[in-house]
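J.: Sequence:
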Amino acid sequence: MEGLPCCIRNLAVLNSYQMKKLFIHIVVFILAFVLYSCEKPSPTELAVDENQTNENLAIEVIAKEPDNFVYSNGYDSTGITSPVPNFSSVISVSSVKTTYKTKTIKIVLAQAIFFDKNQPIKIRSGRTVGYKTRTLGMVLFDEHPARLVPFIVHRKEHNAVRDSVVGSYHILYKKENIGDPFNFVHESNVDFKLRVMGNIVTHFQIPTPKEIIGSVEIKGNNNLERNFLLSWNGSTQGKIDVVIGGIKKGVDKKEVFPFFKLRARDNGELLIPAYLWKDFPFSLYDKIVFTFIRQKVFDYEPNSTLNDHSISAQSIHSIQLDIP
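Following this note's numbering, the numbering of the sequence shown begins with 120 at its first residue and continues without gaps.
Everything labelled a hint here was simulated from the structure, so no lab data went into it. Don't take every hint at face value.
What the hints assert, rightly or not - Simulated pairs of lysine-lysine, PhoX-like, Cα-Cα distance not exceeding 25 Å:
id	residue 1	residue 2
1	Lys380	Lys225
2	Lys406	Lys380
3	Lys216	Lys368
4	Lys294	Lys397
5	Lys406	Lys294
6	Lys294	Lys415
7	Lys380	Lys397
8	Lys373	Lys294
9	Lys358	Lys216
Stated by the list, open to error - Across the chosen pairs, the derived CB separations fall in these ranges:
id	residue 1	residue 2	range
10	Arg314	Ile240	23 to 33 Å
11	Ile240	Val180	52 to 62 Å
12	Leu348	Ala177	17 to 27 Å
13	Asn346	Asn302	14 to 24 Å
Just so you know, even glycine gets a beta-carbon here, dropped at the ideal spot from N, CA and C.
All chains should be built: construct the whole structure from the sequences, respecting the hints.
T.: This is the structure:
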């Protein structure tokens, strides 16, 4: 063994037990290396430039082709971006500001929607686009009875949008101090009650978040080089969502269509780099809309009435900008 490399000579003098033990260690190392190499990062996680933040930025593409996407549950008023309900019961209260140039409009909103998951609404392709709703009883927010109004589902088939009434839902709504007698107080609680046959079957307090106040600064001269610097009154903990969408050209109803959503640390500042805008359909929109959402989710102990639910309060600030 004089001419052998030292590593081979050392292996040769190992006894059988040592050889077996070494072999096992090598196999384990190889398997671990292979598994680690094959593991793919989550497609929604993207590292941000270290000069801007040390946190990761979670990105969710909501509608890559807005022309084929019908969405009208008003995420800029409710904070809910999924067009198809994920829960049987959705209870939310919102304080909303919409800013365009120097004008800001304020809205407060409380709603409760009870979906019947046994009655899906489908389009011709077989895809589910929603569910019919049901009425459980009387809903009260801070002792104010919510109005029962038609629940409308918008669906697109053969390039035409059809509206269908699929039940009712409970709502309180006030715009610029005109409307229902409901107030949203930040960093407080909203009292919720559900009465069935005159009896209170569900009662809890929904905690409300700190008010969010955002701003957007444009940096760059064209779409390929343009960055957007988002600023807001940051909090000491938690995360916020920012939904980027647009208001389409040539439509009478000025609905905001979402394109992608960012989830970032609630630290008060976020730079959206130019490369994230490479697929954004600027040519389709009159305005681009940045919606800041600070949300508190309430974890209610399930009961027979609300066993599958989403309960939340959100402060929302939407900023509309003309397409540069």
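J.: Which constraints among the numbered hints does this structure fail? Numbers only, ascending.
T.: Result: hints 4, 11 and 13 break, sorted rising.
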